[in-house]
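*Asks:* One letter stands for each residue in the lines below.
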Amino acid sequence: MKTIHRSITLRLLIAGLSLSASSATLAQEPVRIAFIDPLSGTFAAIGNSGLKQLQYAADELFNSKGGVLGGRMIEIVPLDNKQSPTDTQIQFRRAVSEGLRIIFQGNSSAVANALNSTISRHNRRNPGQEILQINYSAVDPILTNEQCSFWHFRFDAHAVMKLNVLTDYIAMNSGIKKIYIIGQDYSFGQVVSDTSIELLREKRPDIEIVGNEFHPIGQVKDFTPYVTKIASSDADAVITGNFGADMVSLARSIIDSGLDIPIYTFYAAYDGITATLGADGVGKIYLVHNDAGNPLPTEERLAYTRNFKRLNPNNDMTQFRITNALQMLVQAMETSQSADPYDIALALEEMRFTNMSGEELWMRGDDHQIIQPLHISVHTDQNIVMDADNSGFGLYRDFSVPGDETVVDHSCRMRRPRR
Amino acid sequence: MLEVIVFATLNGLVTGLLLFMLASGLTLIFSMMGVLNFAHASFYMLGAYFAYSISQKLGFWAGLIVAPLLVGTLGALVERYALRRVHAHGHVAELVFTFGLAFLIEEAVQFFWGADTKNYRSPDLLDFPLFTLFGQDFSAYRGFMITISVAIFIVLYYVLTRSRIGIIIQAAITHPHTVSNLGHNVPLIFMAVFGVGTALAGVAGVIAGPVLTTFPGMAIVLGSIVFVIVVIGGLGSLGGAFVASLMIGLLQSYAIASNLGVPDLLNLLGLEFSKDHPLNDLWTLTLPQIAPVLPFLLLVLVLTFRPTGLAGKREE
Chain A
1 MKTIHRSITL
11 RLLIAGLSLS
21 ASSATLAQEP
31 VRIAFIDPLS
41 GTFAAIGNSG
51 LKQLQYAADE
61 LFNSKGGVLG
71 GRMIEIVPLD
81 NKQSPTDTQI
91 QFRRAVSEGL
101 RIIFQGNSSA
111 VANALNSTIS
121 RHNRRNPGQE
131 ILQINYSAVD
141 PILTNEQCSF
151 WHFRFDAHAV
161 MKLNVLTDYI
171 AMNSGIKKIY
181 IIGQDYSFGQ
191 VVSDTSIELL
201 REKRPDIEIV
211 GNEFHPIGQV
221 KDFTPYVTKI
231 ASSDADAVIT
241 GNFGADMVSL
251 ARSIIDSGLD
261 IPIYTFYAAY
271 DGITATLGAD
281 GVGKIYLVHN
291 DAGNPLPTEE
301 RLAYTRNFKR
311 LNPNNDMTQF
321 RITNALQMLV
331 QAMETSQSAD
341 PYDIALALEE
351 MRFTNMSGEE
361 LWMRGDDHQI
371 IQPLHISVHT
381 DQNIVMDADN
391 SGFGLYRDFS
401 VPGDETVVDH
411 SCRMRRPRR
Chain B
1 MLEVIVFATL
11 NGLVTGLLLF
21 MLASGLTLIF
31 SMMGVLNFAH
41 ASFYMLGAYF
51 AYSISQKLGF
61 WAGLIVAPLL
71 VGTLGALVER
81 YALRRVHAHG
91 HVAELVFTFG
101 LAFLIEEAVQ
111 FFWGADTKNY
121 RSPDLLDFPL
131 FTLFGQDFSA
141 YRGFMITISV
151 AIFIVLYYVL
161 TRSRIGIIIQ
171 AAITHPHTVS
181 NLGHNVPLIF
191 MAVFGVGTAL
201 AGVAGVIAGP
211 VLTTFPGMAI
221 VLGSIVFVIV
231 VIGGLGSLGG
241 AFVASLMIGL
251 LQSYAIASNL
261 GVPDLLNLLG
271 LEFSKDHPLN
281 DLWTLTLPQI
291 APVLPFLLLV
301 LVLTFRPTGL
311 AGKREE
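From first to last, the protein sequence lines are chains A and B.
Numbering follows the working numbering, in which position 329 of the first sequence is assigned residue number 329; successive positions increment by one, without gaps.
Numbering follows the working numbering, in which position 117 of the second sequence is assigned residue number 117; successive positions increment by one, without gaps.
Since the hints were made in silico from the structure, they are not lab data.
Don't take each hint at face value.
[Stated by the list, open to error] In silico lysine to any residue, SDA-like type, Cα no more than 20 angstroms apart, as pairs:
#, chain 1, residue 1, chain 2, residue 2
1, A, K284, A, L259
2, A, K221, B, G223
3, B, K57, B, A151
4, A, K178, B, M1
One chain only, chain B, in its complex shape (with noise of 0.2 angstroms):
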């Protein structure tokens, strides 16, 4: 049992703090431009296919610093030459370029890498286990993952809260006119901050792709989920999409973990119901079996009882 108390904690830190790279740099764009970015995941799909060709060639390393700045610099010529126009007809128009924008990124990856799964690696130095506990392996590839998004955490923190372009950038958030007439090119920020965050929705997929296997249904499987933390942190706050991440990645991972269902609960109630029931299906429910779908359970229970999320400040 405590094996995998243990397992499950480790594998839910590992999730959470991926989707915590995803989520930060979705969270900071939403905040300033006031719209969701549907290919949010799309970048970071990129960012696992940039890194697998780099990988190719130059070796794992090369990707992990180029296929981000790659992935920044495209990101910041959509909000530059694309978006920013779409920007002047209202957030719906925004909503929906991003939407269309997705698909085209994911056919463009089709179209490129083709449609198979791609076998990028992870690093040969990472190639060992870090510890062995109960018989069982931690990558050290995994501690790594660790390694890099808790440091992401500290340096985006630091930046945000204690540097003088984190006081314009959060300026610029809530009074983006103010700022604009103190003489700073918002616009740039706007660009910048675009691209900062698709290149760390870049570093998500550098990271993820080898554990994640790389594939083109990648940015789905990963994109829904990310609007949910951004939603459950609260609208903005890194600090809330820190949380909810951790909680999400933990949530899913002691869920799938578990053993629980509804048959626990009838034998808790001393019910007991035929197989032949036609909702069999619901009396034999397990709790790993929802793992999935429990995120967007929280989602509808977070809207619906706070909907500011955990830290959002905005209540308009």
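Bound conformation, chain A alone (with noise of 0.2 angstroms):
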């Protein structure tokens, strides 16, 4: 009898601890963080991965040590769109009635483009209460020229941008005379076309262009007929802004076919792509992007991936951009004092930052468009420290060029909100 008394008054105490304990944390209320992308459907293995870096980046760099602006814990608050921009109306009034005032977004740049205007309109009706977007992957560089917006900032480089560090690649191979650039019918496939063509011409006036080709976005059931035409076109090399299992299908048919030539790619990497291309696409799969893959540059970024994998075996630091992404957001804040998305524009404009992989990364105040060093690996086996889809294949890191090189001018006239 006295056991039982005992213990009830002891868990009595334990009840009042923790309720003064949570009232302690709701004094400390949390920046809540949305994420918005595909968590179900086709997409949805992208989307979580980045939803798992993202939480990593929060829990590891800020929640674990205290959190932010004196003690706030980041929420990550997961909102699923499908990849639909319909589906990302949805959700955006959701988060807006929720409260959630800074959103991360980053898969497709339809979805991008219809939350820029979406978000546009919300801030101008609503002062006070306005909403910051943060697009950690959508490359329409329409985003940072004619549609650029005060309350939007994009930390991958736009597809020009990549373009241009592609390009300069494959004019210093003296080798390559006929180029094929082959791509999904689309606005990204489209800009990824006309700016090649635009740029070679420039750069080396002797390739030349042998084929230049669109197909529906994921309706080719077989790239072998396109790839005979690679072959009789005599290309030297294959330039493409395929994604998911366009990419897959369409590498493995060139390769299938015998012909040994390289492959410039986006996208050509992960979730399932690089253990499909295997032993088959060593060398020949080239991928221009902005993380340095292998070898790590710092043992900090190195401790710090080995450690997401650890978390979680079954996928890979896929998207670096979203830490970068989150560590600048954060200094803007604690810089500003303020968890307001008017004071972390205003932080973040012109911000310069050194990320864990000893990178310099300025957020350009003109057009919120971020400035680093971009890439280009090879998908390889040889010297891969962290490899991708666990099979033992990764990137690995072949040329680089300083972010003040790969600065691309702009259209963008933003109109700034007065306060």
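Could you fit the two chains together into a complex? Lean on the hints.
*Replies:* The following block contains the structure:
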């Protein structure tokens, strides 16, 4: 009887303690960040991988070290948009009604564009209740050019910047005389095609574009007929902006037909692609991206990536820019001592930041486009420390361009809100 | 030019014969039950995923045998315990049921295998070029695909037209009640046909998986095309499905290989439009660009001018 009594008192005591503890955290309200990306449907793998990386960055870098702004935790709120602009509107409304003021989004430029205009309209109509868009992946140049907005910040290099680096790299290879361009028939595929032709004409007028092909997204069953055309054109290299299954099928068909030519790409790694290309793709698949790849440039970065892998054995750190974006966001909060989007936006403009890979990042204030070193990596199994898809294969850095050489002019005329 | 024609023909044959493997099962099921099985391509996907998992442990050849059997059994069970009940409520209910089943299978595949691309490989035994023409390899695996498809067509054709089972099946298609009165178990025949039809889809999945990549969207990519073939070929006609499959395979392959487009037509007519023209996209359209859509154009034409399809018998 006595023991029961005692345990009840003990429990009451514990309950009282935890009550006071929770009221203490209540006073320190978390900084809540919405993550609007596909978490179900065809593109779920990429969205979920991004979510894990953002959650990891928040926990590892800030929450486990006492939070931000003097003790506030970062809370990531995942909202599934199935990569559809319509669902994005619904999830945006939800984010607004729940009082979320910062939105991370990356997949699909169509979604990013829709979100960009929705946020601009919302912010115009609701002064004091503005929303901030952190774009970590959508690369349509328009977002930091014609459609640029004070409330939008891009943490990936846009398509033209990446192509600038890619064509530099191709131009250095004097063995390439003929290039075949093939891509999905939509805005990004068109940008890749038009820009590569234009840049190659400037940099290497002797290179002949022997093919410029578009195919519908996700409709092609078998790429062999396209590869037949590539082979008969005598191309020395292929450029493609394809992603997902279209990327794998194209690369596989090229390799299977015995064509021994390099394929220059944007999205030919991770999420099953690296494992599927495997040994056949070694030394043939080149990829332009903002991550340094292997070897990892610093010990800190290696430890950070290893720890992510330990916690998420089936995922890879595919988009390190998510970490960059969160770190810069937090730094903007700390300098402005505020979690208000307007203050954060002002602090982010012109911010210079050294990331975990030891790279200099600059958020250009005029168009809110990040300027960072870009790299070209090759698919291989040699000297790979952190592989992809647990396959033993991964990306090895072959060529790097410092940030200031990646700068591309912009046509943004930003409308700045007055306060 | 010659090399393009030769390879376009070979590619068209491979695609066409693969499509036939799916269409043959679908057209049998369609003619017996009068319902389009929307989930047919999902069974094709299941075939690829089963074979992938089996090949991880036991190798490709085990997958080639076991995966279609698994898919066929699953198909037969679906018919016996679900579709047969739904059948009582009419065709619309069946249609909606298979439609739902397609979604269910796709989600299940993502649930068990994940949403990423699977590294399902062709066997090392067939990992060599069968022949090299004009500097381009034609892999032995593709030759193997053609062989299997043709073999299936011959066996199927023989069974349906020359064997006793085939006669009963054909009779059950047109006169189910008479066949039933003659003492044959028509529901069992239905179940068997559904099982064999889905198993054929499974075979297609097993051999297509390594070439066309194994990912959760593979059913959608192929699904709609198979319906087109069944309709163009004529409902319930195996020969029609065969011709339609090859036709569509070759049509797509030639369209991609060609470099023709509206610009050539305009040149021929001596017309020219500026790049700023609002319809610029239309004036620069090329045949390869619309190749994957051509079968649907053909479908519309066939339905308009010959609703029974190429070899269809029914006209009601």
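*Asks:* Hint numbers the structure violates, sorted upward?
*Replies:* Of the numbered hints, just 3 does not hold.
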